[in-house]
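Starting from the known structure of chain X, fit chain A onto it as the hints suggest.
As they're listed, the protein sequences go chains X and A.
Per the working numbering, the very first residue in the first sequence carries number 69; after that it's consecutive.
Per the working numbering, the very first residue in the second sequence carries number 105; after that it's consecutive.
Honestly, I wouldn't trust all of these hints.
With beta-carbon atoms standing in for the labels, derived distance ranges [said to hold, decoys possible]:
id	chain 1	residue 1	chain 2	residue 2	range
1	A	Asn159	X	Glu651	50 to 58 Å
2	X	Ala657	A	Asn159	57 to 65 Å
3	A	Asp228	X	Lys818	23 to 31 Å
4	X	Thr749	A	Ser126	22 to 30 Å
5	X	Met704	A	Gly160	31 to 39 Å
6	A	Pro187	X	Ala624	54 to 62 Å
Note that these hints are calculated values from the structure, not bench results.
Even glycine gets a Cβ: it sits at the ideal position worked out from N, Cα and C.
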Amino acid sequence: MREEIDTFNFSRRAFLSAAGALIVTAALPENADAAFGSDRKPPLIPDQLDSYLAVERDGTVTVFYGRIDGGQGLETSIAQMVAEELDVAFPRVKMVMSDTARTVNMGGASGALGVSRSGMHLRACAAEARRLLLEGAASALNAPAESLQVSDGVIRADSGKQITYADLIGGRYFDSKVNWNGKYGNELVVSGKAKLKRPADFKIIGTSPRRKDLPLKVFAKLDMVADVKLPDMLHARMIRPTVAGAVPVAVDESSIKNIAGAQVVWIKNLLAVVAPKEWNAVRAARTLKVTWSESHPNFPGHDKLHEHIRSAPIVKTEFPVSNGAVEEGMKRAVKVISGEYEYPTQSHASTGPACGLADVKDGEATVWTSTQKPHYARDGIANLLGLPAEKVRAVWMFGTGSYGRNDQGDATADAAVLSQHLKRPVRVQYMRHEGLAWDPKGTATVNRSRAGLDASGKVIAYENVSKAFSRLNTATNEGRAAHVLAGQLLGVALEPEQSFEIPHASYTFENGRVGWEIIPPLMDRASPLRTTHLRDPYGPPILFGSESFMDEVAAATGEDPVAFRLRYLTNPRDRDAVKTAAEKYGWEARPSPRNAQKNAAVAVGRGIAFRRHFDTFIGLVAEVRVHRDTGKIEPMRYVCAHDVGLIVNPETLKHVIDRQLVYGTSRTLFEEVRFDDKMVTSVDWLTYPVLHIDSIPQSIEIHLISRPEAAPSGAAEMALGLVPAAIGNAVFDATGVRLRRVPFTPERVKAALA
Amino acid sequence: MAERFTLKVNGQAHVVEVDDPSMPLLYALRDELQLNNPRFGCGLGQCGACTVHLNGVAARSCMVPVSTAAKAEITTLAGLGTPEHPHPLQAAWIEEQVSQCAYCINGWIMTAAALLKRNPHPTDEQIKTELNSLICRCGTHGAALRAVKRASGSV
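Isolated chain X, as found in the complex (with noise of 0.2 Å):
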């Protein structure tokens, strides 16, 4: 194990020494033990600087982070954050990451906040504890804290006397406040009285040490959550209907009796089976009998998802940037262009399916999961089980990745609940066709937009509207049993919210409007078409549309596409982006598509595709090669501008883009979740298709645009909303064609070239 795991009754207190704390170099006065720090642990509550890190008896530091790393580096990048105002070397900061017993709920994985936010709040509690520090360096050294030095956790006075910060905290507390604000998770704030470090004065911050994860994987050193054994622990697999609403009514137990140990548990419509060994569940769950109800979703389909989409009443809409008189402007205009682009229902398609363990007894819950956000998540397993909060504990490990609100969470409530049933620990783990069938989904759309030009071809008017399922039909977390799996099939009342979002307006229009619009459910209960967050929760199949479309009217007006954009883009930021993307791509000013084409096997082309998200703007230029034969496209090479302010890791920060521009070349040309009118027939990756290594860009160039007096923003996800549009309009560029649904397969591309 990489990380032990401690138990409830984890106390510093025991790694004291036998002395009572200090062991100071011969400078210390002696009576400086008194005066700083404390033995007495301070209470896990927002407001202690106790809660967010600690300095160990060995100077190393630990800092308690209520967020994860999903894989993309949070965990080095956050730990150079606390070396950088701590004054420590990189090395000696290790991480906790969101076990509820010993950190925070700063809110998990979510919205690609881990540096802008928590970080910043890391840094500012880093930043406290060293100015605690140097004041008990101050008494100890008899010299005025202004006069003192630090370098790595070793502070020296002009005098020439020094001491470490473990001489003086090591192994005990702060017991010192930080200002909070009261709230948790995203919205969780605190500060501390020290001023933070200036960009000139850093040494950690802006440089690339490697992640700290990556040797412990590569050398299979590191215990995922899949990986953890605990004694007395049954194996579970879940029992799920062939046509989704249908519920258990007969359990054959007799079915499964030859085989060893294996059992059924069904509470209420809840069907799981049981075994000692993993196999023998494996195979139970194959084997069991079960007859179930008559069952009729009347689902659309996938091929006439959209034409449902169009039709369905709307339940909710609400138009966030309206200004001026659009239809007026539509009025006044010489011409008005449409368009309309659909987005498929995609799966967050996790390499490993949803694991997640449990024990529950006498009263208490322990969970071992990798949801995102472990905090709601022990929220939720102590409402589904009918337990206070605080007797659960929710023990964050690694595990495979998410791309946003998939399967772990329910996983774990599988768990939590087979385990208070049967009073023994319980893993769970999904099998592959429950990974892409069950887990909640990315929600299809139909985005439709229109311009009114006017005589000189200005955009007088403008309008998108995306019309969708619910983006929170099942929330973000599972902080509430009505929105995990176990909990609906359980009978708990469903808590669904009507929203959906628009992305950040970085064209200014005279008149304009843009806004959404929410259709029911295709199903409302326990639905394997259920919708929720996928990695960049509304950017692709909203930028899909809008950037496709800005390309439709600048090719109207004859424009180029970059000129055309940043004709309606007034803030720098933005601007920049656009043109460094342009520039370094060494784009060609011209309106698309390119001449001279028409009868060329291969065509190429290329797109510009911009977005900001809060205060990260990316431009994204993509070269493609269209075979008119097989209707394959072929990415040839992404250049990618991207500014996202200070920036923590340069290299880390380019993987974390390169990574996500291919996974956005997957959910681009190949992910779309199959089903028809009974349930989802997307149940492997054959059904499933998804990206491999042939269909990878050639090149992939990043741009990282420094900004360090900036704040820092996110970059976990943003990128990958621009891929759909840039290859879209590449593909225009190309051929003249211009694509209207996700995902771009051979198929539809060669038919939309006949």
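Just chain A now, with coordinates in the frame of chain X:
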């Protein structure tokens, strides 16, 4: 009826007792021997997350019955190299900072290691052909290609 098999894994012999001789090797490695590195990804031979070497050839342990595997020398990622003596691919994986979640890592490194054993200097196309049956959802494919090239000495 439980049956006993001797498995030779990473140079060590282990005796396992199984209820079903058709049980895939993956479950013997994970459950009986606590060798966690091969992971369950699909159980269908479609993704590679469970890849090990049988006599130096990459094999998907979710598809190989334990009874068959008992005749072979089995190597897992944990047996490929160590931080002190890394396999060139392990070193390259760190140089290129390839993996993100790394759930799929056994498939990529073990499949590439078997390729390099057969063909120490593969072309890009040969590498892509060999690795094309692997799933990675984090989008590390391009980085993996660079790492294999680095390990093969062609970078």
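Evaluated hints:
no.: 1; hint: A:Asn159 <-> X:Glu651: 50 to 58 Å; verdict: holds, 54 Å
no.: 2; hint: X:Ala657 <-> A:Asn159: 57 to 65 Å; verdict: holds, 60 Å
no.: 3; hint: A:Asp228 <-> X:Lys818: 23 to 31 Å; verdict: holds, 27 Å
no.: 4; hint: X:Thr749 <-> A:Ser126: 22 to 30 Å; verdict: holds, 28 Å
no.: 5; hint: X:Met704 <-> A:Gly160: 31 to 39 Å; verdict: holds, 36 Å
no.: 6; hint: A:Pro187 <-> X:Ala624: 54 to 62 Å; verdict: holds, 59 Å
Violated hints are absent here; each numbered hint is respected by the structure.
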